[in-house]
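A.B. asks: Those sequence lines, one after another, are chains X and V. Residue 1 is where the first sequence starts when you use full-length UniProt numbering, and the numbers rise one by one after that. Residue 1 is where the second sequence starts when you use full-length UniProt numbering, and the numbers rise one by one after that.
Treat the hints loosely; a few may be bogus.
Partial selection, computed: residues in chain V whose CB lies under 7 Å from chain X [unchecked claim]:
#, residue
1, Val15
2, Gln38
3, Asn63
4, Pro65
5, Ser94
6, Ser95
7, Glu98
8, Val110
9, Tyr113
10, Lys116
Hints are computed from structural coordinates only; laboratory data are not their basis. For each residue, glycine too, the CB sits at the ideal point set by N, CA and C.
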Amino acid sequence: MKSTDENHTLMNRDNSDLFVIDARFTPVNSRKTNKIDTPSREELLASKEIQRVATLQKMAQTGSWEIAYNDKGVSISESLQWSDQVYRIYGYEPKQVKLNSELFYSHVHPEDLDEMIGAVAESLVLKKSFNVGHRIIDKNGKVKYVQQSGEFVFDKGRAISLIGITQDLTEKKTQLLQLQSTRSNLKNILENAETGYVLINDALEVMTYNPKANEFSKMLNGEELKSNKPLLAFIQECKKSKALSAIQHVLNTGTTFCEESCFRLPNGGRIWLKVQMSLILNSQRDVLGVTIALLNITQEKRLILEKEAMNKRLTQRNEVLEQFAYIVSHNLRAPLANILGLSQLITQLNPEDDLFDSTTQGLHQSSANLDQVVKDLNAILKMRDEIKEVEAQVDLEELVQEAIDTLGSQNQPNVQFKLDFNQTRTVKCVKAYMLSIFTNLIGNSIKYSKENSDVVVEVSSSVKRGKVIINFKDNGIGIDLKKHGDNIFKLYKRFHNHKEGRGMGLYMVHSQVLALGGEIKIDSEVGKGTSFTIELPA
Amino acid sequence: MKNENIFIVIDDDPVNNFLSKVIIRKVLPEAIVYEFTQPIEALEFIQSDNESHELITLFLDINMPIVDGWGFLERFKLLDAHLIEKIDIYMLSSSLDERDKIKAKSYKSVQDYIQKPLTMEGVELIASKGKAA
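Using the sequences and the hints, build the whole thing.
C.D. replies: This is the structure:
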């Protein structure tokens, strides 16, 4: 059973601005004096009503209060009345503390005190209700958020009391604050994220974006992103069709698109972006649009490319070492074995013997072969040192002329040169390398030419994708690439019997092209001719 | 004569072929030694001698242009059975590489792997094996 001492007010809205008080606070002491033994029907009803209101107040975490005003318009401190729920909001048990305005104000959060007093003062002057949210510090020192709504009761134009309700909003406020902080955290994350986000609708218009996405747009096109504009307006011309098909794929299939892509910057640089697109659905699973996430992975990509390049270099080095082992095993040891055998033999031969001359000739030949292999190895090692030489712009036509001069006697009068260096006349390279490459390739074209036909050597240059491409083409005997393709550029590999050659030329050409950071490819058909394509970094 | 000794030496280096021939003749003065610097020509020669049933000892170099020793062995495998039967192949290479030895042993037709230069002891050993067979 609830205490019948429960104080409460019931308020009805009248036509007037004022509240009409139906049930008024009654001082506790006066209530006592008025107490009668058997409650009247009205009193029973009132008591029930009191209980109901108390329950409702508790449920709504709302309490009511009243304070009387004297005829000078000043509140009577001791007249303050709180409903039980107000006590609870302030951290007290009902009636636990003696009420006065000082107690009330002592609980208002110091920072909110001025606003609270101002609201009440304004209400009195304007004769209007007030509604102010402020913090309180309850009995236990806990900060709470309350909403105070109140209104003065006037009698013949004079304020006689102030009544109102106090609603505890702490729980709601805390939830709100949490939501706000979650939102601001999210916003903070998005604004400071390394990833650029652009949200587009299903009409492919930009809905919203974060600063990083805008930064990317400025970097790629020099243009700031704008909401409600077509996304394609902010995409580089060369990437448009690809972007469009990717977005449509995401919209149609709901799958996430992810790709690492290289973008050219207006300043000539390049950046690598990881582009990820995924569908945005609402809670009803309707398609709202697509999120596009952009992450700059240039640094990582550069590291990967460097690693790959390093791997390639190491693999090449390893191949060179293996080739050296092979050379030692076969090419160096073959003449040596001959010398061993022949010198053993010669001890058993009479100088008058027919075999004696052949044996000494064989010895001489094998020694010369051995010497040649040592010289070749020296040339290869020397070439590896020459890489330290500076690169310079070298005139291609001059290179051809110098190569022809170097070939000298090997050059036959019936060689016809067709040169086309209109696209680029020069190439940046180590000249010694390039001359060696030109000499070897042109020399091969002459050496492996068809008998009884004019030799035509075509040399041309072009620029493609920032690389200088030099093409050599002849009408010679060609080479069977199906059989020998793997060994073309290997040391001491020969593919023709009737022609002299040690298998050094193309090995040197290949090594030098690689040392210049380029690539070389061969194309050939037996009986038709051979062409070499060299790609060098510009 | 029944046990006429027939040898084929295949090496793109004529000096080695000369040396091999001399060494073989030192051990077997009556031996007939055919020299080839191109494996394909040797194959053609073997196929042309279809009638004879004489045992032939063949010394084969590995490192040669166009068709090397391995290429020769691959082509040799495809010859008529009786041709394969009558020819004993010995790899004669300067290579010190174990992998070459292992690869040589993987061919059924290869009897052994001899490191250059060919010596009289080596020829004697082969000659005695041939007689035992």
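A.B. asks: Run every hint past the structure and note whether it holds.
C.D. replies: Checked hints:
At a threshold of 7 Å, the smallest CB-CB gap from Val15 (chain V) to chain X is about 4 Å, leaving the interface hint in force. For Gln38 (chain V), the suggested interface contact is upheld, since its CB lies about 6 Å from the closest CB of chain X, less than 7 Å. With a cut of 7 Å, the hint placing Asn63 (chain V) at the interface with chain X holds, because the nearest CB-to-CB distance is about 4 Å. Annotation: Pro65 (chain V) was flagged as interfacial toward chain X, and the flag holds, the nearest CB pair being 3 Å apart, inside 7 Å.
A distance limit of 7 Å between C-beta atoms decides the matter here; for Ser94 (chain V) the minimum to chain X is near 4 Å, and the interface restraint holds. Given the 7 Å rule on beta carbons, the hint for Ser95 (chain V) holds: about 4 Å separates it from the nearest Cβ of chain X. A least Cβ separation of about 10 Å between Glu98 (chain V) and chain X goes past the 7 Å threshold, and the interface hint is therefore violated. Annotation: Val110 (chain V) was flagged as interfacial toward chain X, and the flag is violated, the nearest CB pair being 18 Å apart, outside 7 Å.
For Tyr113 (chain V), the interface hint is violated, since its Cβ never comes within 7 Å of a Cβ in chain X; the closest pair sits about 13 Å apart. Hint status for Lys116 (chain V): holds, given a least beta-carbon distance of 3 Å to chain X, under 7 Å.
The structure fails hints 7, 8 and 9 (numbered hints given earlier, in ascending order).
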